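*Asks:* Heads up: the sequence lines are chains A and B, in that order. Residue numbering for the first sequence follows this note's numbering, beginning at 1 and increasing consecutively. Residue numbering for the second sequence follows this note's numbering, beginning at 1 and increasing consecutively.
Hints were generated in silico from the structure; no laboratory data involved. Be careful, since some hints might not be right.
Treat identical chains as interchangeable: a pair holds within one or across any two.
Cut-off 30 Å, straight-line C-alpha distance, at most; resulting in silico cross-link-like pairs (BS3-like, lysine-lysine) [as the list claims (entries may be wrong)]: (1) Lys49 / Lys138; (2) Lys111 / Lys49; (3) Lys39 / Lys111; (4) Lys111 / Lys33; (5) Lys49 / Lys33.
Just so we're clear, the structure is a prediction, and the values are computed from it rather than from any experiment.
Number of protein chains: 2
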Amino acid sequence: MTTSATPRERLLEAAGELFYRDGVNIGVDALCKAAGVSKKSMYQLFRSKDELIAESLASRGPSYQALLHPGPEDERPARDRILTVFERQDELVARGDFLGCPYVSTAVELKNPEHPGSVVARHFKQHLTDFFHRELVKAGAEDPGTLAIQLTMIFDGASARAVVRAQDLGGIGVLTAAALLDAAGVRSTELATQAG
Amino acid sequence: MTTSATPRERLLEAAGELFYRDGVNIGVDALCKAAGVSKKSMYQLFRSKDELIAESLASRGPSYQALLHPGPEDERPARDRILTVFERQDELVARGDFLGCPYVSTAVELKNPEHPGSVVARHFKQHLTDFFHRELVKAGAEDPGTLAIQLTMIFDGASARAVVRAQDLGGIGVLTAAALLDAAGVRSTELATQAG
DNA sequence: AGGGTTGGAAACCGATCTGTTTCCATGACT
DNA sequence: AGTCATGGAAACAGATCGGTTTCCAACCCT
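Can you make the complete structure from the sequences, with help from the hints?
*Replies:* So this is what it looks like as C-alpha cells:
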C-alpha cells in the first residue's frame, strides 16, 4: 500500500503505469487496488475512467518531456539538442519494457480522436513538434515547419518499430533524424546553416 | 446476413474489420453477430479469439500488400515504385477512416509481443522492409539494409501521425521518403545510382 | 423420402466490466 | 470528549467478457 502521496497522486501514477503496461482496458478495480484507493474515492476525484485516462496522460507530460528533451543548460548546437531526443528514445527502447510512445499507444487504443485522452495525445505530439521547430529556427533551417513534422514522424516511426519488435540495428531513429538534418543543411557548427 | 461466403470467410472478414475499427477488445458475440455466424461455429473453426485475431490479420496480408505495393507490371524505376507505397498510404489516410496500420495497431493493443497476432504483425513489417530492400538493391543503393528499415520506419511514423490526427500537410510520408532516397543517391533515372 | 451433417439461436457458466452505494475505521479540530 | 470530514472495504447493479453446451432447422447425398 503506497500511502505516501494523496489518493489523487497515487491514482494518477498507478493509472499512468497500468494504462501503459496493460492498456486502457484494464479494469477500474485493478487500478484502484494498485493505487491503494477505493473506487468510491476514485469516482469522487474523477468523473469517469475516461477522464482518469486523459488526466493521467496529461500529468505524465512534463516528466516525459524532461526525460526526452535536453534542458536549457545544454548549450550545444540545435542539431545536437534535437538528436538528444532520439538518443533518449533509444535508451528507453533498449531498456526492454518499452511499449511504444504512451500517447500514441493510448490514441491507438481509444480509436476515437475526440476522446479526451486522444486530445491530450495530440497536444503532446504538438509539443514535441514545437520543440523541434524552435530548435530548427535557431539553427536557421530553411523550412523548419515541415522538418519539425518530419522529425516527429521519425520519432513515432521508431516507437512503432520497437512495439512490433522489428529487427532493429539500434539507433535507427538517431540515424534517420541525422540524415534528414544533413539533407536540410542543419550542421553541428552553429554558423554553417542555410546550406542549400 | 451475409451468407455469400463460407462461415470461415465471413468470420475472417468481419474480424478484420471490427478488430481494426473497434480494437481487439471487441466481444466475440458482436463479432459473430456481424459475421452472421454462431459462436459455436466460430469455436469450431478457431481455437480461441486470439487465434482468430492472428488469422484475420494474416488473411488480410495479401490484399493489403496489393493495395500498397506497385504490381510487377509497373516498370518504373525502383525509386518510383518505393514512393508508390507512401502515395497509396496517403490516399488511405485521406479517406478519413484510417486508424493506423492494422498490424501496428493490433500489436500496440496486444502488448504481448509473443501473442500470435503480434507475430503476424512482425512478419508483415518484415515483408514491407523486404520489398523496399529488393527495390533498393535493384537501384544499386549503397546500404539497402539500413535504408529499407528507415523507409519502413517512415511508413509507420506517417501512420502514427494519422492516428493522433496531428497537423498534416498531406504527403509528409512521400516527402520524407523521397528526401531519404535523395540523400542516399537513389534517383529516378535507373543508372544514376551510386552517387556519393 | 430418409439419414446425417452443418450451423445458427440462445441459454448457460463464472469472471469481469463501469459505476453506485452502504458501512465503518480513522484522524483532525474544538 | 465529541463532532465531522476523509477515505478504505466491500456489496451491489446490470451489462458484457471468453467459452461451452443444448436444441433444432435447413441442407446434403442417395
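*Asks:* A separate judgement is required for each hint: does it hold in the structure or not?
*Replies:* Here is what the structure says about each hint:
1. Within a single copy, Lys49 and Lys138 get their C-alpha atoms no closer than 41 Å, and across copies no closer than 52 Å, so neither meets the 30 Å cut-off.
2. Proximity of Lys111 to Lys49 under the C-alpha cut-off of 30 Å is found in both arrangements, the shortest distances being 16 Å within a copy and 20 Å between copies.
3. In this homomeric assembly, Lys39 and Lys111 come within 30 Å of each other (Cα to Cα) both inside a single copy, at 26 Å, and across copies, at 26 Å.
4. Taking identical chains as interchangeable, the C-alpha atoms of Lys111 and Lys33 lie at most 30 Å apart whether they share a chain (27 Å) or sit on different chains (21 Å).
5. Proximity of Lys49 to Lys33 under the C-alpha cut-off of 30 Å is found in both arrangements, the shortest distances being 14 Å within a copy and 28 Å between copies.
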